[in-house]
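Each chain, written out:
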Amino acid sequence: MPKDPSLRKVLLIGAGPIVIGQGCEFDYSGTQACKALTEEGIEVVLVNSNPATIMTDPEFASRTYVEPITPDTVARILELERPDAVLPTLGGQTALNVAIALAESGVLDRLGIRLIGAQLPSILMAEDRSKFRQAMTEIGLRTPRSVYVTEIEQAKSVLEEIGLPAIIRPSFTLGGSGGSIAQTAEEFEEKLAWGLHLSPRGEVLVEESVLGWKEFELEVMRDKADNVVIICSIENFDPMGVHTGDSITVAPAQTLTDKEYQRMRDAAIAIIRKIGVETGGSNIQFAVNPANGDMTVIEMNPRVSRSSALASKATGFPIAKIAAKLAIGYTLDEIPNDITRSTPASFEPTIDYVVTKIPRFTFEKFPQADARLGVQMKSVGEVMAIGRTFRESLQKGIRSLETDRYGFEEVSADDAALETMLREPGPDRLWAVGEAFRRGRTLAQVNAWTAIDPWFLWHVSEIIAEERRFVVPATRDLARAKRAGFSDRRLAKLAGTTEDAIREERLRAGITPVYKRVDTCGAEFEANTPYMYSAYDQECEARPSTTKKIIILGGGPNRIGQGIEFDYCCVHGLLGLAKDGYETIMVNCNPETVSTDYDSSDRLYFEPLTLEDVLAIVAVEKPQGVIVQFGGQTPLRLAVSLARAGVPIIGTTPDAIDRAEDRERFAALLTKLGLRQTENGTARSVDAARQLAERIGYPVLVRPSYVLGGRAMQIVHDTVGLETYMREAVQVSPEHPVLVDRFLANAIEVDVDALCDGKQAVIAGIMEHIEEAGIHSGDSACSLPPYSLPRYVIDEIERATRALALELGVVGLMNVQFAVADEAVYVLEVNPRASRTVPFVSKAIGRPIAQIAARVMAGKSLAELGYTSEVIPAHVSVKEAVFPFVKFPGVDTLLGPEMKSTGEVMGIDREFGRAYAKAQRGAGMDLPTRGTVLVSLRDEDKAAGAGALRVLQEEGFKLVATAGTATYMRERGLDVQPIHKVRDGLPHTGTLIAAGEVSLVIATTRIGDAAAVRDSAAMRRAALEAGIPYFTTLAGARAAAAAIRALRAGEVQPIALQDLHPV
Amino acid sequence: MSGPNDEAVLVLSDGTVYRGSAFGARVEGPGEVVFHTGMTGYQEILTDPSYAGQIVCMTYPEIGNTGCNPEDDESRGVFLSGFVVRDHVDFPSNWRSRESLNQFLARHNVPGLSGIDTRALVRRLAKSGAMNGLIAQAPFELAALRERAAELPSMAGLNLVDGVTCKQPYEFREGTPWSLEAPSTGKRYRAVAYDYGIKRNILHELVNAGFDVTVVPADTPARAVLARKPDGVFLSNGPGDPAAVTYAIAIVRELVAARVPIFGICLGHQILGLALGGTTRKLRFGHHGANQPARDEQSRRVMIASENHGFAVDAAALAKAEDVEVTHVNLNDGTVEGLRHRRLPLFSVQYHPEASPGPHDTAYLFRRFRALVESTHA
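As you go down the protein sequences, you meet chains A and B in turn.
The letter at position 855 of the first sequence is residue 1318 when you use my numbering, and the numbering goes up by one with no holes.
The letter at position 54 of the second sequence is residue 73 when you use my numbering, and the numbering goes up by one with no holes.
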């Protein structure tokens, strides 16, 4: 059955910003789909609000709408574009939810547009748990007992039916948002209420707990001719009870016999047929009772999912690409297998290695959050590792995480605390398991505490046993330890020596890794695709070429502060180098990314990004150059060691990077160039910090040196605050100094990205932050071009940027952060590398600056590449950050110098207010055009705040404010009603919000003033939980007022990138 | 875990040596080295008589994970000569496990070899074709082993059926609980199954499809079988070169002439092809796995099939046989996967609809056999 000729134009819905539960895997799947459809001559219309994605690059679709993914906006795009069909199965839950809304509201029928990939009844049957359960019963499969709840009053009767512990799952939420396990009746009511609130439909499923059962997933594909194949089986290391996104998972399934596996496979096929997913991929989860093999079906996603991305990378089978081809009518046997090129896609991949996925958590960013793991996903990223054995794969995965762990490091908890770590799943449980064996706990004991399958535990115990053998000279066997997956660094620690010494010993003994290929077929057929992983085995299949080639080091796991933006830069680097005829080689360990797709580079090494692993690849490939400036801090941290080992780092030199990062060298650089810096200093003791702060004058900004995403950065207002910080947040020492900077209150921050070839520096984009200095730049909204800065300030910023680039000898990209205060321009920091804002700037100015940078690094000049002057776009682009607060009950939503956002969206329009409104809508804050505004301003903001409130009043809003603010505003002629703060008694701000009487909240607090922050936290949290747009900075509120005024003047219209930057 | 005294080797007929560790029985294992790409089902593979005379290397590296249990045996014993894995897991974890893989192999007197670069071995076999080899444990003399490996006889021309078939006829009435499909509750038919090395799950599936089965030795004369008045005759899987089992071909020719409904699997399919006037040939390294795409040429549906064969029915020769048509082909290499006769009630497949190990996609063929039997009664 070849492709359906009636499909000429298809709308693909993306997944929007990166949030917990929906990461960059949907850029990977969407990009594959764009390529697959375009290849078939189909015109692709794309909507995705996330500018950091490769899929939203204008060349990947015919029409690209970087617009909010809401039913309204998508309906407008459908009106404008009139595609033949909508493909909603590759953009995660976001795309599916919008498709459901468009189908149910009749928009699709009215416009005569079909859904392809999955039909509405199928989506509803899979997503609606009671329908799903009914369907499973009809085909003879068991599901956990469950009841649908829509009213809190049902709590008691439901509890009687289900019993405790019970699982609470809100319907239609991402990554199981609001899902939880209730152990007691009180907990049950509380969690049920939270779940009802979070579900977009006000529905919650209460489910029988199968805690401790073994958990499995199957990735299934089906075509129009009803051919069904299983792409991959996955077994969770963490048993039922931990969300699969937060579980360590292993492919293929390890502890099922063939009979048990085939029974599961039969069930999966019966399920995809029953649900009626016509074409494409689905993911089905099962639980199996370890005592007797009883199997129940947990859930099904009738779309490409996070696990599909993992399964694609784990097997080499491109699920998203094939799903797109199946959606337009092809059958599996008509599509060739890219890897073998000689066999069809209608087969089941077999793998001859073990794949381990480990989630990456960032609880250190949210100290108030509950770090225990449950049915709601909390991790922000993941790594995947491939090894010939589970032990090797697991240990490679650990060092891929970049959490300063290189193996099973010792855990310092006492025995009781260790037992708690084992009983209550948390981010460090894996290491607790190792520690338990180290302390002589039996496998049976650890199994009783964790319910982790003995098979996995045995392998961990074998790793610990190998550690013991390694420290005894008589049994020390380096080759054997390497085969078990140990890193040089871990072995060095065990042996009390250095990593260099172990490496030298290893190389002398000829113990080096070989590279095996991922080929979908267990070597039955020759693999044409160089997708490789290392192993300590005999035969090497790398077969490096002798052509000119460049390695790009990727960014590793997503985390707050380093996400998809850096993968975007890596992919563009690959594209740029390919244009200049280089063989491109990618190294990365993040399965969610486009960079680890086997057709993004000429050769892919799916490997950890540690010195040891990178050196081994360089030794085999012998590249002309290695690029470290695209992957964020991950490769940058390796730059100096790689250069010392003789690796040819191209682009900006490691010395220049050091000159920008080392505070003392940096100060000298600025002095030399006559640029202004805020007063600052480096303290190596608490005393020194106190003296320094007094000399500079409070408030000061304090942080440890060499940090990512503002880790542990704080603004302190007095000596008490400083001492608290030094005591609780950091451990200062001569080796770990603390940086103290004067904090510029009410300064405007400006981010600049620039390109330089060593001789010429050209500005790529100047972004004016909306939130004032003191909010981490990654968390701040910004506008390109600047919306309020005077020309002479911009000129000074440009002059300073060019001077810095040329003085540092930057070759490639550079990012500078400035603060503008009292008309003076201060340089805050310089990063001679690709920054988080590169994709946003590229989309705003319509030029692929990361590609240009890569080509410059490889030797081209900016003049040769035709990029010699700054592009000033005629439209305004606004970037807004997206936060994970809703996943962490009890965490304050206040922004500060420590980065907390997981993703970003972009709004583009002719003027600032409209672009800002789109960005807010994209970030899930649909600005109101009428209603009541609740206001509480800190004293410093009152004068400036009056203007914004006046605008809102003129636009017809009713104003309610806390006492101080109300009095101040009334004195200035505004009609404001007072209301109590929460601590002042009822009725207060919280009750007003809860009553649904507020449509916008503006609440600013003095950052770093602990008491004020505590007082106002409840109001912010209430706004978040009620889903009301809220602004915690005055600058944000002013921008919102401008946007509301623009919205009231006329609804915004979607604009395609191709219309803004005609080719 | 194995110490230095556990050293063992696999020596190929071309002289290549793979050094690893011994497990299972400490005996020498000579045979044709083949690889299996299934990720589950090592116990079913070990007990499949079709592997008689072969050393099987698993491409999936972690083997032994689920131990062994009596229920998963496919025959009365282990007929293969040796078992090669990348990582022998001597710690089974499964609620049905009764003994470890190590104990199981030792009990059945089969040598195991672990710790070698199995992927390198597989690539070698895929490139140069199946090769003979032998497994031996320390102390050994490599030169002597190389000589012995080089002298092992080729699989082509070997009749291995005689060594695995049952000695006496027996009745089989036990179905399988592992099928998603409920067993047939309709009228029961009588089938005679020729045992060329039959797998138990074939018998389970025949019973589930509504047959009472009598299993007979491979050389049972056609008239003796016809005298039992069976509703259908089944030709089983088995080891070795089909063309070497000349008596079986002659018997099947008589059965075909008697117009009794016939269903053949694997070696049974090859013998049927030969009886109908076709030829068979040895494949380079055969198909041994659970993920082979077999397309039904009529419905164009693709089934994921379990396979285990080193010989195949030749398509060109079959085209010349009167009224015989190819019903299924392998999408990887175009080889014949199934045939039927346009006028006579018979069909056969190269792959294993009984799976075990492998997917159940083609289990419907047992019901198709029942339907064929029913239609000849009507």
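In short, the hints are calculated from the structure, not lab data.
For clarity, every value in this text was computed on a predicted model and none was experimentally measured.
For glycine and all other residues, C-beta sits at the position ideal for the given N, C-alpha and C.
Check before you lean on any hint, since a few could be wrong.
Chain A regions said to be covered by chain B (calculated; three or more residues, Cβ under 8 Å) [what the hints assert, rightly or not]: (1) 707–720; (2) 747–755; (3) 802–813; (4) 894–905; (5) 997–1003; (6) 1397–1408.
The hints, checked one at a time:
For a cut-off of 8 Å, the count of residues in the segment 707–720 of chain A with a CB near a CB of chain B stands at 6, and the three-residue condition holds. Closer than 8 Å: that is the beta-carbon criterion, and the segment 747–755 of chain A has 3 residues meeting it against chain B, so the requirement of 3 holds. Counting residues of the segment 802–813 of chain A whose beta-carbon sits less than 8 Å from any beta-carbon of chain B gives 8, enough to reach three: the coverage restraint holds. Three residues within the 8 Å Cβ limit are the bar, and the segment 894–905 of chain A against chain B gives 0, so the coverage statement is violated.
With 3 residues having a beta carbon nearer than 8 Å to a beta carbon of chain B, the segment 997–1003 of chain A meets the requirement of three or more and the stated coverage holds. Chain B is given as covering the segment 1397–1408 of chain A, and this is violated because 0 residues of the stretch bring a CB closer than 8 Å to a CB of that chain, at least three being needed.
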